[in-house]
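Asks: Listed below, chain by chain, are the residues.
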Amino acid sequence: MSQNFRLPTGGRVNRGKKISFTFDGRRMSGLEGDTLASALLANGEHLAGRSFKYHRPRGILSAGPEEPNALVGVGADEGHYSPNLRATQVELFEGLVAESQNRSPSLRYDWAGVNNLIWRFIPAGFYYKTFMWPRGAWTKFFEPRIRAMAGLGRAPRAPDATTYAQRYAHCDVLVVGAGPAGLAAALAAVQGGQRVILCDEQNELGGSLLSETDATIDGAPAARWLSETIAQLRAAGSLQILARTTAFGYFPHNMLGLVERLTDHLPGVAGQPRERLWQVRAKQVVLAAGEIERPLVFPDNDRPGIMLAGAARIYASRYGVKPGQRAVIVTAHDSAYRAALALYQAGVGIAAIADVRANPQGGWVDLARKAGLPVRAGCTITGTSGRLRVSGADLAPLAADGTVGASERVSCDLLLMSGGFTPSVHLFSQSRGKLVYDDALGAFVPGTPAEDCWVAGACRGVSLLSEVLADGFAKGASAARAAGGALVPARGFATTHAPATGGGFAGALPHGKNPASVRAFVDFQNDSTAKDIKLAISEGLRSIEHIKRYTTTGMATDQGKISNMNALGIATDVLARPIAQIGTTTFRMPYTPTTFGVFAGYARGDLFDTVRRTPVHHWAEAQGAVFEDVSLWKRARYFPLAGEDMHQAVARECRAVRAAAGIFDASTLGKIEVAGPDAAEFLNRMYVNAWSKLKPGRLRYGLLLREDGFILDDGVIGRMSDECFHVTTTTGGAARVLTMMEDYRQTEFPELKVWLTSTTEQWAVIALQGPKAREILAPFVEGADISHAAMPHMSVVECRVAGVPARLFRVSFTGELGFEINVPADYGRAVWEAIFAAGQPAGLVAYGTETMHVLRAEKGYIIVGQETDGTVTPDDAGLSWAIGKAKPDFVGKRALARAGMGEGVQRKQLVGLLTDDPQVVLEEGAQLVADPAQPPPMTMLGHVTSSYWSATLNRSMALALVKNGRARIGETLHVPMPGRVIRVTITGPVFYDAEGIKLDG
Amino acid sequence: MAETMARLHPLAAVKTVADPHLVAQGPMGRFSLRLSPTAAPPPLGALGLSLPLAPCRAAQSETAAALWLGPGEWLLLTAPERAPAVEAALRAELAGQAFSLVEISHRQTGFSLSGPRAAQRLNAGCPLDLDLASFPVGMCTRTVFAKAEIVLWRTGAEQFHIEVWRSFVPYLWELLVIVGAETS
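Sequence lines, in order, name chains W and U.
For the first sequence, counting from 1, position 743 maps to 743 in our numbering; every step adds exactly one.
For the second sequence, counting from 1, position 130 maps to 1131 in our numbering; every step adds exactly one.
Please note that the accuracy of each hint is not assured.
[What the hints assert, rightly or not] For lysine to aspartate or glutamate, the following DMTMM-like pairs were computed, each having C-alpha atoms within a straight-line distance of at most 20 Å:
| id | chain 1 | residue 1 | chain 2 | residue 2 |
| --- | --- | --- | --- | --- |
| 1 | U | Lys-1148 | W | Asp-606 |
| 2 | U | Lys-1148 | W | Asp-609 |
| 3 | U | Lys-1016 | W | Glu-621 |
| 4 | W | Lys-283 | U | Glu-1175 |
| 5 | W | Lys-634 | U | Glu-1150 |
| 6 | U | Lys-1016 | W | Asp-609 |
| 7 | W | Lys-893 | W | Asp-708 |
| 8 | U | Lys-1148 | W | Asp-629 |
| 9 | W | Lys-634 | U | Glu-1175 |
| 10 | W | Lys-963 | W | Asp-875 |
| 11 | U | Lys-1016 | W | Asp-606 |
| 12 | W | Lys-283 | U | Asp-1132 |
For the record, the hints were derived by calculation from the structure and aren't laboratory data.
Keep in mind it's a predicted model, so treat the numbers as computed, not measured.
Work out the full structure, taking the sequences as your base and the hints as a guide.
Replies: Here you go:
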C-alpha cells in the first residue's frame, strides 16, 4: 500500500525518507517522523485492535499516550517483542514489525467477537458474581474461561535480547514536558543559572507546538520559534535535554523516575541499551505535562474511524495525514471547530459539525461558519453505524430541556469528537499533591503541592498560548529561585492565536434511547460503559474508588486518562452530588506502561547479584570442585575425582580427613577485629560467654543471642592481645553480626572505647585438619612452636606461614587435630597451593562444605541456621556450658529467664538419631512421632535438622530437635514418610570420639 | 620464603578489556584508624599529614592519604612496602590514647576511574550527586555502586579513586566496563 491518505504537503515528516514496515504481516510504508499510528492512517488503516472484553473492532482514537485502543505488539523476533505498545507512541523505523492483539484468527475476523453478542450477560462486575454462585462453578467453569480470555497482549516467548541502562541524576530544576509551558520554564530556569533537566516523552520537543500551524510567538511562526528556542536551550551548558523520555513516576523527596528510549527507533545500532532508567533527584520540579482531550460518551462511540478531534488535527498538521474523506464532528468544545477547519483545508469533506451547545460562539466557530462548514447547534448524536469502520452518524436535535428529537443518519468515514480537555494531573497526584475541582474548567486541577513542585500551563488548566508561555516562564523562574538561583524577571510572550478555549462536557450525552439497550463507552480500554457505572451505583457502590474497581473504569494503563472525567460526570448525575464532593480516583504510577527490563537494568545474568569468590576459588574450580551458594559466596562443596558422584566424593574426603589430613577453604567465615581498651567488656555484653579471663593467645567458642534469647550466630574468638580480639562469625551471618554489634556499640554502649572493623576479606583462611595436619604444616611455620605442649587446642599465635605473616589458630570443626591458617588474602592461593603440594605424600585431600558438614555432625557440632531456626536457646542446643553465669548481663540474658525458656518446660532439645536400618538416611525436616498409628493430626515431637551418611561410622546418622529430647535418649521414635515409617533410636548428639582424644592428634 | 609466595590480584581470573579510563591498581598499604570522635587526633608524622577533621574530606601527603569516613574513622592509604613501618610508627604515636588500628591492605582493591564521563559512569550505580560543585576534588565517602559498597574519593575534576572489597572487584569491574561502552 502506498500512503493513499498522505497529504501532498505539510507536516513535520521527512518526505525524502520512506520507511517500510509490516502490520499483521502486511507490508506498508510511512515516512521518517511518523508514528506507527500516523503511518497506519496514511495507509487508510483505522482498525488497529480488538477491545478487552467484547472484542469489538477498535480504531486509533488519539495521537498520544492516552491511546486506549491501538495497542500493538512490536518486534521482529521474540527476543525483541514488546506487547501492548500504544501505536500512537511507537516511532516508525525501517523494518518495524507490528501485530494487532487480542484477536483470533485475525483482526478482521475474531471468534471472540461473540462476546459482543452476549454482552447483556456479562455486565460490569459479572466476574465478582461468578465467585458467589453457583457454588463450585468458579474453579471449574468461570475461572479457566476468564483466565483464557483475560489480557490483551501476550508475553514474549523468548528472553529479552536487548539490554537496559540506569543512571542517577541530580538537578536544580527538572522540567517535565517540553511543550510551550515546559520550554518557557526551561528558558527561565537556565536564565536563573540553574542545572536543568528537560524531558519529554516525544521524539521531538515542542508538544502542542509540533502541530501548531496558525499561531505566531514573538512575531515568528510557532515552528520557527520552537526551533530557535531549542537551539538556544541546547547552547546553554547547564541544561540537559532528554527527548523520548517519559516521566512515569513521582516519588518522595522530589525523586522522579524517567525512562529514556534509546535505540528502539535506531534498528541499525547494535550493542547499545534499549532504554535507560533515570532516577532524578530534583531540588525543584516544574510539571508541564499538558492536557488530554476528552471523548464524548454516546451509543457505539467506539467504532474504528471515531477519533478525538484534536488527534485528527494533529495527524493532518504534524504528520500530513488525512484521517478520512468525509467527517462528522460532534463537539461540546470550540477546539473541534479548529480541527474541522484544519481537516477541511486538508481536503476532508465536513458533513456536519454537531454541537451539543445551543449557541456556540467564538473565533473558531465564526471561522468555520465563514468557511461554509455545516454547523448544527443544539445537536446530539444517538448512535453510529459501520462494523470495521464507521459509516454513519445518527444526529438528532437536542432541546434545551434535554429531550432528543428524531435522528438523521449522516454518512461519514470519520467521526470526530471533543468533550473538552482534562489537565494531565497524574504526576502531581502521584506526588501526593491535592487536586481541587475547578468548576469553571469542569476538571480537577493541581491544588497545594506536597513536594517542591510547580505546575505550569495546560496541566493546571491554562490554555491560551500566550498565557501558557508566560505561566511556564513564571514557574520556571520561581523554581530556579527556590532552588537557589538568580532572580529572573517575568517575561511575556506576544502571540497571535485565536483562542479555542470555550466549552466542555463530562458525562454521557443524551440519546433518547432505552439506556439498557445501548453501550456508550466511557473507558475504551477496559470496555466499561455508561450503563456499567450506573449499574455499579444501583448495586450500592457509592465511593468513586469502589465504582472504579467494580467497573474497571480507569484501571490498568488508562489511569483515568481517557475515562476519569466522563465517569465522574455520569456518577454525579446518578448520585445527584457535585463532582467536587465525589472526588477523584488516585492516579497510580507508572504514567504509561514501563518495561520490566528497565527496572532490572544491569541486574541480570552474571550481574544479577554480586557473586563473591575466595582467593582459592579458581584453584578449586580447576580441580573440578562442585560449588554451592552460601549467602553471596560460592563455596566448594566437594571435589569429585573422575567417575565419583557426590556421595562417593564426600565419603572419600571424610575418610581422608579422619585418617590423614584434609585442606578446606574457610575464607568466607566472617571476621571482625574488635579492638580498643574496652574490647573484652564489649564482648562480655554481646556474647553469652565470659571473656575477661581469656588470656591473649587463647581461643573460645562464642555464642551470640538475639534480644529474645535465641541463638543468632556462633564462632571461635581469639584474643590477640589485651585490647584486641579476632572474632569469627558464620559465613552468612557476617554482615548481620557486624551490623548488630555496631548498633549496640553506638546506641547502647557509647561509653565503651571499642571499635569494630570487618576483616573478612583481609584474611584467606586455610583449614588444615586431620591427624597429620601438624606434620604437614610444621615445615612452613616460622616464629612459633606449634607442638601440642606449646600450642594446645584452642590457641592462636602470630607467626609466619610459608613466609607470609599469619594468624595461626589451633582449632577444629572436624574433631581432628586442626589448624586454621589466616594469611593476607592476596597470598591465600599461593600458601594453599604450597601446603597442598607438600601434603600429598601424607595423603592430604581438599574437601568441601559437604564433607565439613558430615564431619562436624559426627561430632555433634551445630550449624547456625541448620540446628537453629530462630527458636533455639543455648540450652536447647546443649550449649548452656558456654554461658558466663556470673556475668551481670549480655544480649538475651533477660529473655532466657522468662517462663517457657528454661527449667521445667518441655522444650525441643538437640539429640542424635540412629535409624534401626543403618542404610536408611533420613530426610532433613522429617517429623518425629511416638505413635505412627495415631490418626492425624499426629502429635509431632520434633524434627530432623541434619542427616548424613557417615563414612566414619559406616552407617547413617542424624541430628534432631526433640521435645524433652535429652530425657528420651534410648527411646524409639518413628519418622512417618510417604509409603513407610522409619524407626529411629534417640542418642546423644556426639557420634564420634566423645572423649575428644582425636583433637590432639 | 616470602619472596616465593606470589600475590594474586582479585582481578586475576577476570577477563579484562583495555580501558584507558579504568585502571585496577596494584597492592597498597591500608589501615582503618578509629579514634574517639571527641578526642583531638595528634598530627601523624608517620603519614606526613594531619588527619582531616572535615566530614568526607581526604588529606594527602607525598607518601600517604587519609580519608575521613565517619566521626573518628579514617581510611589510611600508603605504599605497600611502607605499611609495616607506618603501622609501628602510628602505634607509637597513638600510644596513650584509645584507638583501633587494623590493617586492611588485602581487604580491598583500588581502582582509578578517569575521563570526561567518569562521573556519569559512576552514576550508573551510585546515587550521589557527583557534580563538581556538590562533590568537589578532595571529597570522599563510603557509598554504593549498584550492589557493591565502595569508598569513592575524587582526586581530580575527572579523576576518581575507588576502593572496593576484594570479592566485589569482578562485579564492579564488569559493570563499569558495560557502562563505559554506552555511547550516550
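Asks: Does each hint hold? Answer for all of them.
Replies: So, going through the hints one by one against the coordinates:
The suggested pairing of Lys-1148 (chain U) with Asp-606 (chain W) holds, with an alpha-carbon distance near 13 Å, which does not exceed 20 Å. The hinted pair formed by Lys-1148 (chain U) and Asp-609 (chain W) meets the criterion: a straight-line CA distance of about 7 Å does not exceed 20 Å. A distance of roughly 16 Å separates the Cα atoms of Lys-1016 (chain U) and Glu-621 (chain W); the hinted pair therefore holds under the 20 Å criterion. Distance check on the hinted pair: Lys-283 (chain W) and Glu-1175 (chain U) sit about 32 Å apart at the alpha-carbon level, beyond 20 Å; violated.
Our distance criterion of 20 Å between C-alpha atoms is met by Lys-634 (chain W) and Glu-1150 (chain U), whose separation comes to about 19 Å. Distance restraint check for Lys-1016 (chain U) and Asp-609 (chain W): the Cα-Cα separation of roughly 18 Å lies within the 20 Å cut-off, and the hinted pair is therefore satisfied. The straight-line distance between the Cα atoms of Lys-893 (chain W) and Asp-708 (chain W) is roughly 8 Å, inside the 20 Å bound, and the hint therefore holds. With a C-alpha separation of about 17 Å, the suggested pair Lys-1148 (chain U) and Asp-629 (chain W) falls inside the 20 Å cut-off, and the hint holds.
Taking the CA atoms of Lys-634 (chain W) and Glu-1175 (chain U), the gap is about 18 Å. The hint holds against a cut of 20 Å. Taking the CA atoms of Lys-963 (chain W) and Asp-875 (chain W), the gap is about 13 Å. The hint holds against a cut of 20 Å. The hinted pair formed by Lys-1016 (chain U) and Asp-606 (chain W) meets the criterion: a straight-line CA distance of about 14 Å does not exceed 20 Å. Under the criterion of a C-alpha separation no larger than 20 Å, the hint pairing Lys-283 (chain W) with Asp-1132 (chain U) is consistent with the structure, at around 14 Å.
In this structure, the one hint that does not hold is number 4.
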